Each structure stands twice: as C-alpha cells, then as structure tokens.
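Chains as they are written, first to last, in this note's numbering: chain A, 1 to 726; chain B, 1 to 282; chain C, 1 to 362.
By construction, these hints were calculated from the structure, which means they are not laboratory data.
Each hint should be verified, as a subset may be incorrect.
Claimed, not checked - With beta-carbon atoms standing in for the labels, derived distance ranges: (1) A:Ser628 to B:Leu18: 17 to 27 angstroms; (2) C:Leu298 to A:Lys533: 34 to 44 angstroms; (3) B:Glu110 to C:Gln15: 16 to 26 angstroms; (4) B:Glu110 to C:Asn16: 31 to 41 angstroms; (5) A:Lys715 to C:Ala108: 54 to 64 angstroms; (6) B:Pro171 to C:Pro237: 46 to 56 angstroms; (7) B:Ala258 to A:Ser628: 40 to 50 angstroms; (8) C:Lys104 to B:Pro171: 26 to 36 angstroms; (9) C:Lys319 to B:Pro171: 26 to 36 angstroms; (10) C:Pro88 to B:Glu50: 47 to 57 angstroms; (11) C:Lys104 to A:Asp432: 17 to 27 angstroms; (12) A:Glu623 to B:Arg172: 45 to 55 angstroms.
What the hints assert, rightly or not - Only part of the chain B face toward chain A is listed, based on derived beta-carbon distances under 7 angstroms: (13) Leu18; (14) Ser102; (15) Phe106; (16) Thr153.
Stated by the list, open to error - Mimicking DSS-like on lysine-lysine, the simulated pairs with C-alpha atoms at most 27 angstroms apart in a straight line are: (17) C:Lys132 to B:Lys269; (18) C:Lys132 to C:Lys254; (19) B:Lys269 to A:Lys715; (20) C:Lys132 to A:Lys533; (21) B:Lys6 to A:Lys629; (22) C:Lys245 to C:Lys132; (23) B:Lys191 to C:Lys130; (24) B:Lys109 to A:Lys533; (25) C:Lys153 to B:Lys191; (26) A:Lys526 to A:Lys629; (27) A:Lys629 to B:Lys8; (28) C:Lys132 to B:Lys191; (29) B:Lys8 to A:Lys531; (30) C:Lys10 to C:Lys61; (31) B:Lys191 to A:Lys533; (32) B:Lys191 to C:Lys104; (33) A:Lys533 to B:Lys269; (34) A:Lys526 to B:Lys269; (35) A:Lys583 to A:Lys213; (36) A:Lys526 to B:Lys6; (37) A:Lys531 to B:Lys109; (38) A:Lys629 to A:Lys533; (39) C:Lys270 to C:Lys254; (40) B:Lys8 to A:Lys526.
Just so we're clear, the structure is a prediction, and the values are computed from it rather than from any experiment.
We put the CB at the ideal spot given by N, CA and C, even for glycine.
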Amino acid sequence: MKRLLALVLLATAWSAQAAGDAAAPLKLWHAYRGGEETAIIQVTQLFTAKTGVPVELLAVPYNAYADKLTNGIPHGAGPDVFIFNHERLRNFHAQHLLAPASKLARGDYFPNALEALEVDGQVYGYPMSLKSLALYVNTKLVPTPPTTTAELLAMLPALSDEKAGRFGFAYENGDFYFHAPFLFGFGGELFDASGKATFNTEGMARSLAFVKKLQDDRFIPQEITGALVKSLFNDGRVAMIISGPWFAGEVAPSVDYRVVALPTVSETGIPLKPFLGVEAAYVSSQSKQAEQAQALARFLSLGEASLVRTTVGRQIPADVAAYQLQAVKDDVLISSFREAAKNATPMPNTLEMLRVWEPMKLALRAVLQGGTEPQDAGALADRRYRALHRERPPDASPLPWLGLVGVMAVGGTVWVMRRPAPTLPFKRRYPDVALAATYLAPASAGILVLVFIPFVVGLSLSLFHYEPGQYSFVGLANFIDILASRGYSISEPLSFYFTLAVTLLWALVNVVLHVSIGLFLALLLKDPLLKLKGVYRVLLIIPWAVPNYITALMWKGMFHQQFGAINGLLVALGMEPVSWFTKFSTAFAANVATNTWLGFPFMMVVALGALQSIPQELYEAAEVDGASKWTQFRHITLPLLRPAMLPAVILGSVWTFNMFNIIYLVSGGEPGGGTDILVSEAFRWAFQRNQQYGFAAAYSVLIFVVLLAWSSFTKRLMRASSEVMG
Amino acid sequence: MNRPSKLKMAAIHAGLMLTCMATLYPVLWVVKMALSPSDSLTLTVNPFPESITLEHFREVLLGTDASGRWLFGRQLLSSLVVSGATTLVGLALAVSAAYALSRFRFPGKEGGMQTLLITQMFPATLMLVPIYSILEKLHLLDSLTGLVLVYATTALPFCIWNLKGYFDTLPRELEEAAVMDGASPAQVFIKVVLPLARPALAVTALFSFMTAWNEFILAATLLNDPTRFTLPVALQRYVGEYKVEWGKFAAGALVISAPVMALFFALQKHLVGGLTAGGVKG
Amino acid sequence: MSEVILSGIKKSFGQNLIVKGVDLQVREGEFLVMVGPSGCGKTTLLRLIAGLEQVDSGEVKIGGARVNDVPPRDRDVAMVFQSYALYPHMTVRENLAFGLTLRKFPEAEITSRVQEVAGMLELSHLLDRKPKALSGGQRQRVAMGRAIVRRPKVFLFDEPLSNLDTALRVQMRGELARLHRRLSATMIYVTHDQVEAMTLATRVAVFNGGILQQVGPPLELYNRPANRFVAGFLGSPAMNFLEAKREGSGFTGKGFTLPCPVDVPADAGKVLVGLRPQDLRVAAQGPLAGTVDAVERLGFDGYAFLSTEAGPVAARFEKGTNVTVGDKVSLAPVADSLHVFTEDGARALRHPVDRDSLEVAS
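Using the sequences and the hints, build the whole thing.
So this is what it looks like as structure tokens:
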C-alpha cells in the first residue's frame, strides 16, 4: 500500500515538475525514425547553436500523429512547428491549423514542390524533402535498366519463374499510390476540367489492363505488400521493384542495386509519372513565437540543414541550392531520385484528392484479385466515389429539436409529478439513499465527465454535418442517408443493411465460437485428476494477455496468400493455397479465426468459474438416476451454467460488436468493404473519408440503438434464466 | 467418483495439447520475428527462428534519446505509474460503486446498471475528440493524471459489473454480523467485504491494469514528452508512415506483453473464481 | 436495565405486511423464546430489535430508551445467526475479538475477555484456526462466543441450533440454558422448534401470521392456550380438535357425545373441543370410536392415529396395550381434560384445571 502511494506521489510530482518549466523552447513535432530522426536532431542543434533558441523535439507515432495535431493545435497544446507530408495540407488548412510561410522565398525551392503546398495562391509550409517513386534495379540480374515498358516486358519472361518463387518485377500494385504512375503514363487523368475526380476513362482501363497482364503472366507476385517486396528484393528473388527513397535504407548490403527513373510507356510515349509527395515544415497558426517558428521552419528546409538531411537522413531535398553541393552531387542515389522526381506530378492537396483513394483501391483490388475486367473497373470506382462523396445536406433549423427537448422535459416533469404518491415516505423506502450516494459519487462523477458527456456529445454530433473546420446542423439528414442506403441496393457492401447483417453475423459467429470453445476447454480442464492442469491453463490464457492490435497484425501476416503460415500448412497438407482476402467468405473466416483466438480464453475462464459453482451432488444424483454423461451435460451443466454465462455472453457480444481492431487490421474490410462491420464503417467515415464526423456519429448512434435492442432482449433472457435458478 | 479410463485421459491431453499448439503458434511466430536478425515481416510456416540475435531486444530496451536519457527505463516507469495509478483509482471507484449497487436500495439502481452497459456500446474511437476537449478544460492535457482518469473511468463499467456480481454472491449475514459487532458501514466494507472479495478484486485490478497498459492512441495524443510516453506509444513508433520495423515491433510487443502474462500467471488461481462478469450465484 | 419493549410494531416488505402490530415486553434477565411457523414474522421481529431492519411504525425500546433511530452498533445487543456468519478470513481469535477491536477496547482487556470466553466454550485450543477448519458444533460455539465476549445488554438468537444434528442440539441446548443462568442477561431466541421453546424459555411468545398469539411461561401456554393456534402449535402430537355442539349436559358431534364440564356456559352453541392425545386412552368402551390408521411405538408408550367420524384423532397408549393398524377401537378421555374453544378457534372458553399447579399447591 505504501509503495503504491509513493508511486502516485511520484507521478504527481512528475507532472508538477513538467508544468513548472518556465523556459519556452520551440516545439517541433515529427514522426521520423532512424537516420531521418538523427538528422532532424542534428539540424535542430545547429539551429539552436546559431540562434540561441532551444528546440524541443517530439517524435510521435505516425498512427496517432494527425489526431494529435488536430486535437492539440486548436487547444493550444500543439507544436510551434511540425513536419508532415503535404497530403493533408488542405485538411489542416480548413481547420485553421496552419500559418502561411511568411519567410519563404519561392526561388529557393523546386516549383513543383511549392505547387504542392499552395492553397489559393498562398504557400503553407517550407518544403523539406521530396518523396516520389523510382525503379530499384538489382544490377546483378539486370545490368541495363529498362527505359520503356516494351524493354521491361521483353526482359520479364527470362527473369520470372513463379514455381521457384522468382519474379522479374514487384511493387505494391493494390495501392493507388503505386498505380498512379501507370494511370498517368497511359494518358489517364484523375480529375476533369472542373476538378472533380473521374475514373471511367480510357487511360484508367488501359493502365489497369497493363498491370493485370503483368500479374496474369506471373511476372509479379500475388497480393503484394511492402514487406513482401522488401524480402523478395533482399533475397535477390525479384529483379526490379518500384519504391520510394525510404526503401534505400531497407536494402540488404548484399544486394547491388541502382535507382533510375520509371520507364516510359511505349504506347503513349509518356513516362510513368509518379505522384510527388512533399514533406514540409509547417508553422502552427497557434504558435506563440511565430517569428522564431517561421525562422526554424525555414532553417530546416534550406542550407546546412538540407545537407545534413541529405547525407544523414537520406532525404531528397526540395532545396534547389542543395544540388550544387559536391556532397549531394556525388550521391548517386539522391541525384537519381531527383531525376526521377522531375517527371513527378505533385499530388493535389485538394480535399477532392482525399476522396480518390478508396474508390481506386476498390477498382485495383477488383481487377487484380476479383476478376473484374479492366474496362469495368472505372465504373466501379466511380460508383463508390459517388457513394462516399456526400454533398452537404441542407441546413435544418435546430428550433424544432430544441422544442422537442423542451416538450420532453416538461412531459417528463409532469409524468413524475402525476405518478401516484408512494405509500411510504421516500426515506422509508430507501433508507440507504444517503450512504449509496456517498459510495456512488466518485465513480458517477468520473463516468459522467469522461464517459457520459463524450457520449452525449457523440450522440448530438449525429445531427450535424462536418466539413473540415465547421459544423452545420442538418437534423436527421445523416440518418436518412444511411437508412435510405443511398444509391446502393441493400445487398451491396456499404449499404447500412448489408453492414448490419455482416455485423450481426460477426457477433453471432464469434460469440458462439468463444462460448463453445471456452466451455469445451473448461470441461476438459475440469477433471480433478488431470495432470499439468495449471500449465495448460496458463498457456491457454496467453491470447488474452496479448494486446489485440498485436494479435491482429500477427494474424494478418499468417493469412498472407503466398507466404503466410496458414497457407503454408494447407500446402503441407496437400491442399490448394487460399487467397484469403479476395472472397467475402474467406476474409470473414480470417477475421473470425483471429477474433476467436483472442476471445476464447475469457469465456474459458468464465466457464471454469461457472462449472465450479455447480454442486457435485447434482451429478451424483443424476448418476444414481442412471443419466448418461450427455444427459447430465444437457440437463444439469447447461441449464445451471446459463445464469453464470449469460452476463459474460452479453458483455462479450457487445465487445465483439465493437471489435474494431481486428476488422480494421486483419481484413481491412476486404473485399471491397464487404467484411466491414458497423464500427469499422463508422471509423472510416470519421477518419478516412474526410472526417465526416457527423455521419460517423450517426452510424455510431445506429450501432448504439442495435445494441440497446439486443441488451433489452438479453435482459429478458436473464430474467428467464434467473427464474430457472429460483 | 470413478477413475476415468486411460484412453479418456489420453484423449483429453491430446485435445488440450492441440489447442495449446494452436494458441501458441502465433506467439512463437512473434518470438521468431523478435529474435531474427532481419527487420522484416517473416512469412514462413516454421515458427522457430533460423538464427538468433538479441539485437532487436537490445535496441528496444537500451535505446537512448538525443540527450542520452535511457528512454525505455523512463517509459517503463511511466507505464507502470499510469497503469498502477489507473488500477488504484479504478478499483477504488469501482469497488465502492459496485458495493452500493449490490447492497443498497436507492431509486434508479436498475437504470444505473443498464447505463453502465450502454456506455460500453458507443464506439470508443469517436470519443477521442470530446475527451480531449474535456481534459483541456480540466487542465489535464499532457499529464499522466489526465490519462489515468480517462483509463480508470473507461475501465469502470466492466469493473463495476464484475465486482457487483461478486458482491451479490457474498452472504449478507456476514455484513449483518459485523454491524451487530459494532462496525460502521465503512468498517463493514473495509474489514469484512473487501477481504472476502479478494479474488474479484484481483481480476478487476488486472483488467484495469491491462486497459491502461495496452492503450496507445490516447496516450500518444495526450502526452507531449517522450520520456513520459507509455510503452505502447513507444512501440507504435516502430510502425512508420512508409515502413514497419517488424523485428523491433515484435521484440517490443513481447516486452510489453510479458508483465501482463506474468500477472495472469500470478493471479490465475483468482482468475477463475473472481471473474463473475456480473452474475454467478453463490 | 435491559428490558426490551415493543409497542405497536408494524413492518412490511414491499406489499407484504409481515409484522402486523406487535406489543411485547421482554423483562430484564428473561429468556424469551419466539416461536411460530415459518413466515410468521418472528425473525423479522428479531431483526427489528437488532436494528438490521427499520420499523414502519411502532416503537422499540431497549433498556428504557427508544432505539427506533439508533444504529445497531449503539443498541448494545449481540446476535447469533442461523448460519453463524463467522468471518471466513479471520481466525477464531480474530472473530471473537472483532467486536471489541471495533469498539477500541484496550489490547489487554480484549485478550483476557477472549481467553475467558474461549475457556467457557472450550474453544481455547482452536483460537488460531480459521472457521473453515472447524466442525459445525465448534462453529456454533464461536458464533455464541462472539456474542458473549461483548457482554451486551441483550442477546438475540436466530435459530442458532437448526444446523446441528440432534445429539449436538441437545447438548447445546443444555449449554445455552447454563449460559443464561450464568450471564443472567436478557435473551431473545427465535426458533420453530417447540422443544427448544419449552425447555429453554422463561417465557414463550407464539406468533402466527405476523400477530402475537400468546405470551407466557411455557407450561402456562401448554396448559392454558389462548386459542386454537397456540393449543395446536405446542405439544406433540398436536391437540385433537372436534367440532361439537352443546346439547343438554354434553357436547355432541359427528358420532360422539362427550360429557360437558360444568364451567361451560349453557348457551355456548357450536364450539371446538380440544383434547390432547395424552388425555385420551384406548378403552373397551368410550365416547369416541374409530379405525386405527397408523401406530407409533416409542418404547415406553406410543400413539395411535385413528380416523373417526369427527375427523382424525391421535391418542396415547401405554406399553402393553395391543393396538394394530386396522383395529376398530374406542377412546375415552381422562377426567377433566377438555379444552373448549369458540367455533372459529379464536378464543378459549375453558381449560382443564391446571394439574401441575394443583400438584404444587397440594
């Protein structure tokens, strides 16, 4: 007890100390690792040495970075300067997180890098480095890199042998970022003249047909992930890959390679044009030391900083002058990437661009894994795009709602007042009420503030439409959109009803498996004469102790089509490998397998406890009555387990219903959003489809309503089962 | 009770061993990634490493920051403080609330229990924005205290349910006996009820601890000082925008899971009796 | 001063009125036993005295002070529970000392009191055991010890012997009686066992349906039951009741006529005649006749259960009497043994002359 108290005191002292720091250094946030992190540390030291202004660095996990920025900056808890790619620029801008780059001189940087950072003619952020795709070539296997697609195609047959696990070419072909060079190379456009995304184009069909053929001819592997590309290239089992500058650090020392610009499409004469990503140093709009922050951001992007970032961090500087330095000139890799980047199109920083990814991913997966014809994929993407791109619903007047709330309040009061007066005075009926209040107060206060208020805020958000930076009241429009299943027939993924059905199936299958496996194991473990019982129990509990995001990543890897352990086992057993995430049934099964692994120990433990509470005499009585083991199980074990297991089952079903990590990390909703459940769908609306918080909240409210119905149903079940117990 | 046949025992052992293998396989695979020299995702059937290096563990455990501070040590301490405090606060709040719900008569009791369950039904991901604002109003941003409060309250519904279930099974006569012996309500609670509820307390504590120990989004969003990051935040640093450092991620995952597994091991006796999930009859 | 006075006590749970207005005075140093069938409100009444429940209306006084709003710990009463309610996480010593520790008694005082009580109850060698390691009888003694050690004004017992086997129960009954003599404290004891009531009590209070039926010394209740319920509840086998009508100098019922005692008013009309089985004899000729349904032989004597025209009747027979199932026998009451109740059994009209007191008098 004392030790714990000491820890608590330590913790408070700790936070007090942090609050007391008087000196205000510039805060710089980034998500760098490895060499890039070393470089940024050195660069800020240089800055401090020069200006005397200290800089406080914070390396944030990329997964939480954007959230941290969008939450922190408006509340004054953000950095002065932060480094981010330009993809989210428009979003940050709309939320007023960014200050214009006031110390920026346009001549210092490449024009396409500045273009990427421009909003309405104003540049936000100082471009630091360029990220674009290039061709990595294993020089042992390919002495002369191909300059056209025709040359590439000519080389591939000799380099590929699928049986031996060798391929001529590899890149993450299911990812639109990697497909974009092909789209542009085949003359495709992503946006029409009015700036709206367009998918059903000639270029799209041709580019898809080209990459489909690469796969059909077995020149490239199946279901390619970044990890796969890396391991194949490092093992010398693939001759050429497409990747960005970050890959250079991953190449094994044993591999001789060089980097060249992507080849030109022979049919069109246009080079494969990758997206240009620009990493920039942004100044926060809330920075209290704007002058110095601008100075720091500018410093990071130019001069000696560029040099350090290039040599130590292996970045491709956006600073024109950097390429005049001897050290950079001599660096083959850097200049090759610079060359490759010359062809690159700056990725548009518009909100429209953010709407492209999901439809394009759908189209790519449909062609590469789902057997959709290349010419049909554009229409597919277009359809998805229109479903995701919601026009802002007309504003509704909040007055009727306020009126409704008022009427409900009055009605409630009247109802309470008009209830027949209880026969006993309040104090008599509830003699412990004061005591109960004291016991409940702390927990209630906590729950009220940190659970209930957020919950109510979440509920009311569902009546709003959110576009980055502003909320507008739209009444029930979000619900109507969801329930009317906009333009999608009920049986298609993305329709609320389809997702709901999947969710219910998901919850049902999981709970049934959890309970039956848990119960089965508990019955095995119950035997008092069983040896090694403790060992088994500890081993079987392990999945519970592993954080579920780790579980999910583990299983995701095990389900890989070509290299995953599951297919490895299937092959070893003489079966065909399964492409798990291309069909609904198998993708769903993969999710279920993962979640079952993760969830059965809880039910096992509950069942063990429940079995212990059944008196042994009942079995002895049944034995005397001549009941078989099965009859004993049916008529004693099951009915008596029910009251103990039901609450666990209810809790388990609620958890499974909202088990977001597994769906998101294992199947990722593949194929085409088919295995998404309501929560992961809500998450996508909130975080991947332009922060449509209102819409996401409406989804959450519907989830909530479904669960509420379920819990009132189970409540009745519980009541029935407690009657069994008497 | 008649002795089960050898055959039946063998079948039980076989069944359990198979399940254990299926259970351990993915874990072994993480061990393999953590021990393999490469830093990439290993994709093979064999769950045993071909060559062994402790490099990833060394990097995870001994990494220092720019000013030479031993990051892992500080983050471990931070994690322990946050999880420990979460357990204490969560348990203190849950125990008293659960006791009131189990023993006292007051209006809105049924409704309260239902509300607790309902709070579990709203997807947590959408709560981040309002929670952030509330913590800001309370001046608890970038503080471990804020983090502890959020973790403790989010774990409360389960904790209360579980404890209430256990309290319901304790015979009331014991408390009445204590009352007759002259105990005040607080004394009854502390000297009689709590010692008797030890198994459930252990399980509930474990649950609160795990909630805090494994969470990273909120911790990463709230905390602004790398030396105070909790371990899962540090672990997530290995998952980058462009690449994942699998070897280190696996090593870190094992390091993070180890204390929880140790707790499970230590508490496994209590685990079975103490997990009522709200309604085992005594 | 440790008398307990209950006046006008009412208590209901939800819609159920369990105690329907009870007035009862428990005198200082008295051993009062409350009996009645289950659900009669006796345990509730005990818990109301203890303060574990609050009265709806009425007044509880302990030692002259009104304690309605006094919490249990300040009423200075101790209670022994049916399930013993020993704290499973404490040793016997800690169990015994708990109440004293809570009241902040000095360490030495606690030790000496625990020693004394443990010696009295033969628990000295068990002091360091946990309740789990004790036998039923030992647990029972610890439960009593926990009450004794506090030296309260009033002891409350809630069926403390019902979980023991017969032999232990007889032994503990003796110990309880001794204890009462030794402590001479006020004790209130709830049971449904009339033997306990008869053997332990200074006075017995009989309850039925939340109403106090009668209170008085055990033999008075046995000999002069105030109504049919008390008459039927005390005594084993239960008293026989026959519906009858006063006709001339006798009571006439279905198939019998009994001579009527002189002290029954002539206009009594329809009545219930009560006859204890011990007051009936198997005789060659008698006013009651019936067929023997069952026979219980207890060694020295026995009981025969007959069906007669007027209903089932039990009668005692002496050793040597030849009674077998199926016999048709006649029964004769001994002289002056008739209890007479009003037709609805609510009130007694007469009792036989109290033979016990006659014996004492002579």
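Check each numbered hint from earlier against the structure, then list the numbers of those it violates in ascending order. Hints 2, 4, 6, 9, 12, 13, 14, 18, 19, 22, 24, 31, 37 not satisfied by this model.
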